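**Q** Next come the chains, spelled out residue by residue.
There are 2 protein chains.
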Amino acid sequence: MSHFADRLLDRLQARGTPLCVGLDPRYVSLPRSLQMRHGDTLAGRAMAYEEFCSRVIDLVAPLVAVVKPQSAFFEALGPCGMKALWHVIHRAKAKGLLVVLDAKRNDIASTAEAYAEMAFMVYQADALTINPYLGSDSIEPFTRIGRTVGAGLYVLVRTSNPGAGEFQAWPGGDHLLQEKVAQAVTSWTRQHLGQSGQGDVGAVVGATSPRELARLRQLMPEAPLLIPGYGAQGGKAADLQAAFDGQGRGAIVNSSRGILFPYEPDERNWEDAIMEAAQRAIRELPAVQ
Amino acid sequence: MSHFADRLLDRLQARGTPLCVGLDPRYVSLPRSLQMRHGDTLAGRAMAYEEFCSRVIDLVAPLVAVVKPQSAFFEALGPCGMKALWHVIHRAKAKGLLVVLDAKRNDIASTAEAYAEMAFMVYQADALTINPYLGSDSIEPFTRIGRTVGAGLYVLVRTSNPGAGEFQAWPGGDHLLQEKVAQAVTSWTRQHLGQSGQGDVGAVVGATSPRELARLRQLMPEAPLLIPGYGAQGGKAADLQAAFDGQGRGAIVNSSRGILFPYEPDERNWEDAIMEAAQRAIRELPAVQ
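Residue numbers (this note's numbering), protein chains in the order written: chain Z, 5 to 293; chain D, 5 to 293.
Read the hints as simulated data drawn from the structure, not as lab findings. None of the values given here were measured: they were computed from a predicted structure. Note that beta-carbon positions come from the ideal geometry of N, C-alpha and C, so glycine has one too. Heads up, some of the hints might be wrong.
[To be verified] Pairwise CB distance ranges (calculated):
#	chain 1	residue 1	chain 2	residue 2	range
1	Z	Q195	D	D62	18 to 28 Å
2	D	M125	Z	R59	21 to 31 Å
3	Z	G43	D	L46	22 to 32 Å
4	D	G100	Z	D44	30 to 40 Å
Make the full structure from the sequences, and use the hints.
**A** Below, the structure is given as structure tokens:
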């Protein structure tokens, strides 16, 4: 299996944009027609999520390289939600998209192995978001198992929520916790670089502070970045410059609500609205060469 | 719905022990008869997990107050694993046990809400383990939704793995990150104390260092503690003293492998071995009065 960073760069260059479409299917925001078709039960919501996300995938597959399903929304529907997630991931892969499963997992030893198997063997995601709080030995099972199938990881370093700094910016000696985590990411990244020079362990870095983004990019020169908080959460394209090299490489930029729900539920032309929102985001972001 | 800490104390006093049985069904460790009965497919493994955990629940329900299913093992079997988890949780509740879902979730805003709905509304766990890395605003959706149904939370403060200190013990000014997290836990705990004087936001604190345990207990006087790492991971009963008051109240102590798998897979009397292991752990731990 080829290296995650090489597959990622290959697809990003083919589409020419770092835009990642976040698949966060919030029930109350879905087009009313889908809500009505399946009914408001757990199983009905799961079918509506599957139909909606499949439609979004078909719409954006010619435009973008990566989608990021948010596991929480599928999990909240119980086992039938997980079936929908499975179908959504397989639809995306069949359409040539890379899939980052946003599940922010972490645990230790054989429990971390079980999460890695879940993400990479059962759901067959190309990459998984993970939480670093438990330390390097909790990351090792994810890199070990991920590497057997060419999968990647995105470690939470600095998130995009208003209170992110409370613990992430905890100051120890001459640098912040998030900087210490970034240094650890670089040590994991350098274990296994691809031909592109990037590693298979990347980092989640919020788009909310350009200065912090620049500092963290400096500490993680070979890490593919996943930048949330673009669009609905307030991040702007000009703030992202430090994430990219001169050819627009090095990061994917996620937008979820801004692309999925730029319409009211009663709007009948919701598919056109999604296409327009995706095209607008692509115009705002740098091109990948 | 009554307060989590009050229900917990009530059940602990009824059983007289702080022992929590961890439901970590590792396939290769299961009794061979269960492996053979269901076959080695995802669906077969899920049925074996459900049958094994149900049998463990029936065995330990007269002895202990709490079980802690480890979500990762069920998730690693895909949607059918989640169905098994659902049945296991409902079996445990029907037998009068409290259920702590060990899923170490976290995310922000409406995504955190979705995880809380998953744990408390869909799977109907009595408590959930969560990861603090994203900060207080990522905890609020869990406390808000948990409190509508009288559910509790256990925040990871200090875990039991060898590398736990790498980030958790990051020193900022005059205290460690884990101590800052412990202070935050106390602020969440004090938002909603039960009649017992304990809160519905507790903490996971590893059993591997008695001094650290004492320090963290001092910073979280009203937090119910969940102590992993007992037994198989090297923690000893004498090391736990600081977690408890003079009446054995204030903490639950988890043992998973030590109780589930004190036998080889070919052993035919595995149920007797589980009962003996649970009774031995109960004798070693303080009694709850």
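**Q** Next step is simple, just say for each hint if it's right about the structure.
**A** Structure-based check of all given hints:
Under the hint 18 to 28 Å, the C-beta atoms of Q195(Z) and D62(D), about 46 Å apart, miss the expected range. Distance hint check for M125(D) and R59(Z): the Cβ-Cβ separation is about 27 Å, which falls inside the suggested range of 21 to 31 Å. Distance hint for G43(Z) and L46(D): a CB-CB separation of about 28 Å, consistent with the stated range 22 to 32 Å. In this structure, G100(D) and D44(Z) meet the distance hint of 30 to 40 Å, their C-beta atoms being roughly 32 Å apart.
The earlier numbered hint that this structure contradicts is number 1, and it is the only one.
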